Amino acid sequence: MLGWEFPPYNVGGLGTACYGLTKALSALGLKIIFVVPKAPDEFDYDFLKVVNAGIDLEHLEQYIPINSGIVPYYESFPSTKILRNDIVKSKNFQLYGPHIFEEVNLFSDKVLNVANNFDFDLIHAHDWMTYPAAIKLKHKTGKPLILHIHATSFDRGVIGIDPRVYDIEKRGFEEADVIVAVSEFTMRTVIEKYGINPEKVKVVHNGVLLGNKDKFYDVKIFPNDYVVSFVGRITIQKGPLYFVEAAKIVSDFIPNVKFLVTGSGDMLPQMINRVAELGLSDKVVFTGFLRGKELDKIYAMSDVYVMPSVSEPFGITPLEAIANGTPVIISKQSGVSEVLRNCLKVDYWDVEKMANYIIAVLKYSELRDTLKTHAFMEITNINWDNAAKKLLGIYEEVLNGRG
Amino acid sequence: MVEVNFYFQVHQPYRVRDFRVFEIGKNIDSLNQNNKTAKINKKIGKKFSSSRSSLVRYLLDKAPTKLMSRLFIPFFQAHPKLKEFVKKHYLNFYFQVHQPYRMRDYRAFDIGKNHGYFDEKKNAEIIKKVSKKCYLPMNALLMSLLEKYPEFKVTFSFSGVFLDQLEQYAPHTLESFKKLVKHKNVEILGETYYHSLAYLYSIEEFVEQVKLHTKKIKEVFGKEPKVFRNTELIYDNNLAKVAQKLGFKAVITEGADHILGWRSPNYVYYAKDSKMPLLLKNYRLSDDIAFRFSNRAWKEWPLTVDKYVSWINQIDGVILNLFMDYETFGEHQWKDTGIFDFMKHLPKKLLEEGHGFITPSEAVEKFEPVGEVDVPHLISWADIERDISAWRSNAMQDSALEKIYSIEKDVKELGDKSLLEDWRKLQTSDHFYYMCTKYFSDGDVHKYFNPYESPYEAFIFFMNIFQDLKERINALKREKAIQELEPEEMLDKDKSDKKSDKKITKKVKRSKSKRGTKKIKSKVKV
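Line by line, the protein sequences give chains A and S.
The numbering of the first sequence is this note's numbering, which starts it at 1 and goes up by one.
The numbering of the second sequence is this note's numbering, which starts it at 1 and goes up by one.
Check before you lean on any hint, since a few could be wrong.
Here are the in silico distance ranges between beta carbons for each label pair [said to hold, decoys possible]: (1) A:N256 / S:E219: 29 to 39 angstroms; (2) S:W311 / A:N381: 36 to 46 angstroms; (3) S:R296 / A:P255: 30 to 40 angstroms; (4) S:Q12 / A:L28: 26 to 36 angstroms; (5) A:N256 / S:K178: 13 to 23 angstroms; (6) S:I384 / A:M377: 45 to 55 angstroms; (7) S:G415 / A:D369: 52 to 62 angstroms; (8) A:L28 / S:D341: 46 to 56 angstroms.
Just so you know, the hints here were simulated from the structure itself, not pulled from any lab data.
Quick caveat: nothing in here was measured; it's all calculated off a predicted structure.
Note that CB positions come from ideal geometry on N, CA and C, so glycine has one too.
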């Protein structure tokens with residue numbers, strides 16, 4: 001399996017998704033060799049040791065870091081202390097680092113070397129940066145290729161897409177034996193925007209990892225205020241400005257509300273500016289990038305979680321919020337809205353309706369409670385085990401199809 | 001020559017069921033007949049009827065009456081005293097016709113500013129759409145059946161809010177209904193005007209709505225309802241009492257398994273305590289048409305007239321209560337499923353087989369009740385549970401219902417007509433049905449009928465509207481209080497100091513300005 005990030009060294013949902021998926025797959029008896037481009041310097045080859053020390057990654061047969069500069073979301077850099085390299089230092093704001101394509105090539109060469117040391121049945125690659133490597137590997141070994149799409153160019157570059165990335169994606173989709181999309185939303189993009197044969201595209205919805213929570217965190221920072229939260233990279237894809245506009249309408253209506261913004265990204269300065277412009281500086285609290293327990297606490301202290309994404313192939317954060325006992329309002333332009341029913345759904349641009357929903361959830365405790373309990377019951381069915389079973393079926397189909 | 005003498009012994013005992021000690025003195029009927037016996041008899045009957053011997057088949061086919069009916073129908077029919085031996089089923093078709101006033105996307109920001117709660121455009125569209133797909137073609141079909149077969153009979157129940165919407169949006173459809181109902185073989189049932197759940201919360205409001213409905217039916221159709229059906233066939237022992245006091249002759253409800261046990265719904269029963277006659281829905285035969293007709297996964301699909309009538313032939317009882325939504329025809333079951341053709345050919349076949357049709361009020365006159373039905377807990381015709389969980393199974397529904405009835409006293413005391421009307425329209429059961437979250441087992445039905453995106457949205461609209469209703473009440477109360485205060489304070493004017501004088505004039509001014517804005521708004525509405 002080729003990926004580009006893995007917890008705890010992840011900046012986005014992709015690492016979380018890969019973690020959940022590989023864990024569930026290995027529970028089904030599969031052996032996975034997970035190759036990532038680069039691990040942070042301080043852990044480098046000691047990486048496995050670190051894993052054993054604290055985090056449960058034992059289900060992975062191998063976790064192989066390769067030294068390469070790939071950092072797919074350049075925009076998310078200011079937030080992460082862990083992934084430091086040359087790209088970060090060059091303060092040139094582009095969606096991807098300036099050397100990204102060289103890095104992608106470098107990665108694909110290294111993958112070939114690594115592959116020599118292992119025996120495997122098929123290649124499964126996550127998102128475009130790994131596609132060239134995956135294609136090369138396919139050509140070299142003749143093993144079937146499965147490409148997993150967590151996001152396409154159309155999700156990342158809302159304003160304009162990078163034609164070079166588009167080309168890599170398109171070539172990958174054409175070479176792949178099967179394309180796995182995380183939602184019907186993404187599947188449609190692949191078919192319509194890349195002109196791919198619909199029969200090759202399968203949907204495997206993401207799951208969510210539910211820790212064994214006997215009870216939710218009981219945290220209160222603002223005892224007299226309602227709390228509305230936003231969690232995610234602060235980039236155009238995630239729709240942070242729609243959140244701010246909705247916050248303005250809500251706070252005009254209910255004075256005692258605080259808005260938490262967790263995450264960081266290239267639009268952070270713009271977001272802060274807009275907050276100041278609207279006179280919301282005392283109401284909107286920026287927490288920076290958080291993970292693990294701290295993130296759980298953010299969810300738990302929220303009365304409602306909002307995901308206003310402009311384009312979200314899946315979107316795992318609402319499920320995390322629900323797992324922490326928080327009702328959610330999600331954008332209709334998301335894959336998760338295909339699988340989640342016990343939530344409120346809104347078009348990301350309809351900030352007035354979004355605000356109306358926020359107000360309703362805050363004001364009507366029966367609504368909050370019903371959403372909370374029903375959604376919590378519902379997400380037990382949206383798990384990685386189901387995703388892994390579906391994927392296993394696809395693997396078997398591909399391998400049998402090859403004779 | 002040898003003479004052959006065939007002798008068949010035919011006998012089945014009445015097997016005693018598991019009769020518990022707690023039942024002694026309580027359950028008399030059960031000694032006479034019981035489920036097991038019926039089942040075994042049925043089984044044996046089937047076995048023999050499948051054999052080739054026509055003699056055996058005739059002898060054992062269910063019951064002697066059946067045998068007679070098959071062999072001697074002409075003879076029996078000619079003889080009035082023996083006529084009752086003929087095994088004849090009377091079909092009691094009752095169609096529910098109702099459409100709620102659906103709420104519009106009423107947002108928190110509308111509270112206190114906008115008193116238009118209902119989505120006029122959507123409601124008009126739906127009335128027009130369903131008119132075209134169901135009401136008009138089905139009315140025409142029923143009219144032709146009534147004209148063609150003098151024995152054919154049907155019964156309707158119209159909610160008041162449905163008739164109001166027809167007047168508003170589809171007067172042509174209303175005329176079509178009027179024409180149909182004029183026919184002597186069409187009966188109309190009584191219900192609550194607003195298709196509400198008032199019975200569960202306020203008997204006073206319930207009675208008012210039933211009276212309003214009776215008045216409306218008389219006005220529109222010139223007929224008087226004699227038999228009562230509560231919203232969604234919600235029923236318990238007390239409902240029969242109330243309906244009796246209101247002058248109805250009988251009550252219609254669901255033939256739920258858990259109230260009937262082994263007993264058949266195909267007889268007239270009476271309610272516990274009040275002895276009010278009850279007509280119970282045969283939900284199997286009803287749902288075969290209403291829900292399963294177009295279901296290709298159903299093993300009996302496609303349902304033909306012959307098959308359906310053959311089931312009816314096998315059934316025991318005197319009256320088959322087939323109750324369903326009128327929208328079954330053309331709206332729930334689309335025209336291309338063949339539902340109209342089915343209904344078109346059904347009466348002919350039934351009449352050929354010696355069956356007949358009946359209306360509820362005729363049924364309770366013709367047949368004596370065979371036993372008592374005790375319903376201490378509420379039942380309804382909804383979902384697999386046949387209880388009231390479709391309207392009251394989550395915190396949102398409980399709260400919304402409780403809140404809407406909590407303001408009854410205020411609304412009535414204030415005497416504001418439009419306030420009362422809005423409050424009542426919000427009582428329509430559909431609003432609470434749309435908030436149902438029982439998705440996981442039988443959610444499909446709920447989803448199909450939900451005009452909102454989710455139960456949560458239904459709740460949000462409703463509660464926002466409720467907040468506005470409350471603000472209106474508060475405003476009216478303030479106004480009223482001020483009006484009532486004025487004369488008294490005026491008397492004291494000379495004695496009082498200037499300060500309070502100022503206050504009063506302020507108050508009066510405020511109330512005046514409010515009334516002013518109201519007038520403008522009501523003008524806009526018109």
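Problem - Index of numbered hints that the structure contradicts, given in increasing order - result: 1, 3, 4, 5, 6, 7
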